[in-house]
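Asks: Sequence:
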Amino acid sequence: MNEFEKSTEFEFRKALDLSGKKLKHVSEILKVEYQEENFLIEKLIPHPSISMVSGFPGSGKTWFLLKMAKCLAGEAFFLNSDFQIKENCGVGIFEEENGEKELKKRLLKLGLTENTSLPIFISSFSGLKIDKKRRIGIYT
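Numbering (the numbering used here), first residue to last: 615 to 754.
One or more hints might be untrue.
[Unchecked claim] Label-pair distances were calculated between CB atoms; the ranges are:
{"id": "1", "residue 1": "Thr-730", "residue 2": "Lys-636", "range": "49 to 55 Å"}
{"id": "2", "residue 1": "Tyr-648", "residue 2": "Gly-706", "range": "17 to 23 Å"}
{"id": "3", "residue 1": "Thr-727", "residue 2": "Leu-658", "range": "24 to 30 Å"}
{"id": "4", "residue 1": "Gly-741", "residue 2": "Pro-660", "range": "27 to 33 Å"}
{"id": "5", "residue 1": "Tyr-648", "residue 2": "Glu-716", "range": "25 to 31 Å"}
{"id": "6", "residue 1": "Arg-720", "residue 2": "Lys-636", "range": "24 to 30 Å"}
{"id": "7", "residue 1": "Arg-720", "residue 2": "Pro-660", "range": "22 to 28 Å"}
{"id": "8", "residue 1": "Gly-725", "residue 2": "Ser-641", "range": "51 to 57 Å"}
{"id": "9", "residue 1": "Arg-720", "residue 2": "Asp-696", "range": "47 to 53 Å"}
[Claimed, not checked] Restricting the straight-line Cα-Cα distance to at most 25 Å, the calculated cross-link-like pairs of lysine to any residue (SDA-like) are:
{"id": "10", "residue 1": "Lys-684", "residue 2": "Lys-715"}
{"id": "11", "residue 1": "Lys-675", "residue 2": "Asn-712"}
{"id": "12", "residue 1": "Lys-636", "residue 2": "Ile-664"}
{"id": "13", "residue 1": "Lys-636", "residue 2": "Phe-653"}
{"id": "14", "residue 1": "Lys-715", "residue 2": "Glu-728"}
{"id": "15", "residue 1": "Lys-718", "residue 2": "Phe-653"}
{"id": "16", "residue 1": "Lys-684", "residue 2": "Ser-668"}
{"id": "17", "residue 1": "Lys-636", "residue 2": "Asn-652"}
{"id": "18", "residue 1": "Lys-700", "residue 2": "Lys-638"}
{"id": "19", "residue 1": "Lys-684", "residue 2": "Glu-647"}
{"id": "20", "residue 1": "Lys-715", "residue 2": "Asp-696"}
{"id": "21", "residue 1": "Lys-681", "residue 2": "Gln-649"}
{"id": "22", "residue 1": "Lys-645", "residue 2": "Ile-664"}
{"id": "23", "residue 1": "Lys-715", "residue 2": "Ile-736"}
{"id": "24", "residue 1": "Lys-675", "residue 2": "Asn-702"}
{"id": "25", "residue 1": "Lys-675", "residue 2": "Glu-650"}
{"id": "26", "residue 1": "Lys-681", "residue 2": "Ile-643"}
{"id": "27", "residue 1": "Lys-684", "residue 2": "Glu-651"}
{"id": "28", "residue 1": "Lys-657", "residue 2": "Leu-637"}
{"id": "29", "residue 1": "Lys-645", "residue 2": "Ser-668"}
{"id": "30", "residue 1": "Lys-700", "residue 2": "Phe-739"}
{"id": "31", "residue 1": "Lys-638", "residue 2": "Lys-657"}
{"id": "32", "residue 1": "Lys-718", "residue 2": "Glu-647"}
{"id": "33", "residue 1": "Lys-700", "residue 2": "Glu-711"}
{"id": "34", "residue 1": "Lys-719", "residue 2": "Asp-696"}
{"id": "35", "residue 1": "Lys-684", "residue 2": "Lys-645"}
{"id": "36", "residue 1": "Lys-675", "residue 2": "Leu-717"}
{"id": "37", "residue 1": "Lys-715", "residue 2": "Leu-742"}
{"id": "38", "residue 1": "Lys-675", "residue 2": "Lys-645"}
{"id": "39", "residue 1": "Lys-681", "residue 2": "Tyr-648"}
{"id": "40", "residue 1": "Lys-638", "residue 2": "Phe-653"}
By construction, these hints were calculated from the structure, which means they are not laboratory data.
The beta carbon of each residue, even a glycine, is placed where N, CA and C say it ideally should be.
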């Protein structure tokens, strides 16, 4: 690092109160070789990850997730060929809005039957909340 770069770094540290923090020059970041990111669903769900969908009641969250679960558990694509399923896997859904009666209607409309062997597991109205830090650890 030349004198100008050193003085500029010093000014940034002073202005941003970054004493004791490491500032990296962009060249340091650009030199690093990072591993390619893995996905469960290409361009959408990174792997490993825990993913969550939230939204207003009636906005389509459950339909979206049931379709995604079906695809992850046994299909090649989600929605279209842009979202390739990299590897089929088991899926857990915690559903707190519709109940099993409504879920059954939707599962049937998606073409699932009681004879399905797809590894999809659902907990409905289990009281799952992620509103307190201590409760998050229970479900991760």
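Asks: All the hints need checking, so say for each whether the structure fits it.
Replies: Here's how the hints hold up against the structure:
1. Thr-730 - Lys-636: 49 to 55 Å: holds, 52 Å
2. Tyr-648 - Gly-706: 17 to 23 Å: Hint violated: Cβ distance 29 Å, outside 17 to 23 Å.
3. Thr-727 - Leu-658: 24 to 30 Å: Taking Cβ atoms as reference, Thr-727 and Leu-658 lie about 27 Å apart, which means the hint holds.
4. Gly-741 - Pro-660: 27 to 33 Å: holds, 28 Å
5. Tyr-648 - Glu-716: 25 to 31 Å: violated, 43 Å
6. Arg-720 - Lys-636: 24 to 30 Å: violated, 50 Å
7. Arg-720 - Pro-660: 22 to 28 Å: holds, 26 Å
8. Gly-725 - Ser-641: 51 to 57 Å: With a Cβ separation near 53 Å, Gly-725 and Ser-641 satisfy 51 to 57 Å, so the hint holds.
9. Arg-720 - Asp-696: 47 to 53 Å: violated, 24 Å
10. Lys-684 - Lys-715: holds, 18 Å
11. Lys-675 - Asn-712: holds, 11 Å
12. Lys-636 - Ile-664: violated, 30 Å
13. Lys-636 - Phe-653: Distance of about 31 Å is beyond 25 Å: violated.
14. Lys-715 - Glu-728: Measuring from Cα to Cα gives roughly 14 Å; hence the hint holds.
15. Lys-718 - Phe-653: violated, 29 Å
16. Lys-684 - Ser-668: It holds: about 19 Å lies between the C-alpha atoms, which stays within 25 Å.
17. Lys-636 - Asn-652: Violated. Lys-636 to Asn-652 sits at ~29 Å, over the 25 Å cutoff.
18. Lys-700 - Lys-638: violated, 35 Å
19. Lys-684 - Glu-647: Not satisfied, since the Cα-Cα distance of roughly 35 Å exceeds 25 Å.
20. Lys-715 - Asp-696: It is violated: about 33 Å lies between the C-alpha atoms, which goes past 25 Å.
21. Lys-681 - Gln-649: Violated, at about 30 Å.
22. Lys-645 - Ile-664: violated, 30 Å
23. Lys-715 - Ile-736: holds, 13 Å
24. Lys-675 - Asn-702: Distance ~21 Å between Lys-675 and Asn-702 Cα, so the pair holds.
25. Lys-675 - Glu-650: Violated, at about 29 Å.
26. Lys-681 - Ile-643: Violated. Lys-681 to Ile-643 sits at ~39 Å, over the 25 Å cutoff.
27. Lys-684 - Glu-651: holds, 23 Å
28. Lys-657 - Leu-637: violated, 30 Å
29. Lys-645 - Ser-668: violated, 38 Å
30. Lys-700 - Phe-739: Violated, at roughly 31 Å.
31. Lys-638 - Lys-657: Given that 25 Å is the threshold and the Cα spacing comes to 28 Å, the pair is violated.
32. Lys-718 - Glu-647: Roughly 47 Å between the alpha carbons, so the hint for Lys-718 and Glu-647 is violated.
33. Lys-700 - Glu-711: Violated: Lys-700 and Glu-711 sit about 30 Å apart, past 25 Å.
34. Lys-719 - Asp-696: violated, 28 Å
35. Lys-684 - Lys-645: Not satisfied, since the Cα-Cα distance of roughly 41 Å exceeds 25 Å.
36. Lys-675 - Leu-717: Cα-Cα ~12 Å, so holds.
37. Lys-715 - Leu-742: holds, 19 Å
38. Lys-675 - Lys-645: Between Lys-675 and Lys-645 the Cα gap is close to 41 Å, so the pair fails against 25 Å, i.e. violated.
39. Lys-681 - Tyr-648: With Cα atoms ~32 Å apart, Lys-681 and Tyr-648 exceed 25 Å; violated.
40. Lys-638 - Phe-653: violated, 28 Å
Hints 2, 5, 6, 9, 12, 13, 15, 17, 18, 19, 20, 21, 22, 25, 26, 28, 29, 30, 31, 32, 33, 34, 35, 38, 39, 40 from the list above are not met by this structure, while the remaining hints are.
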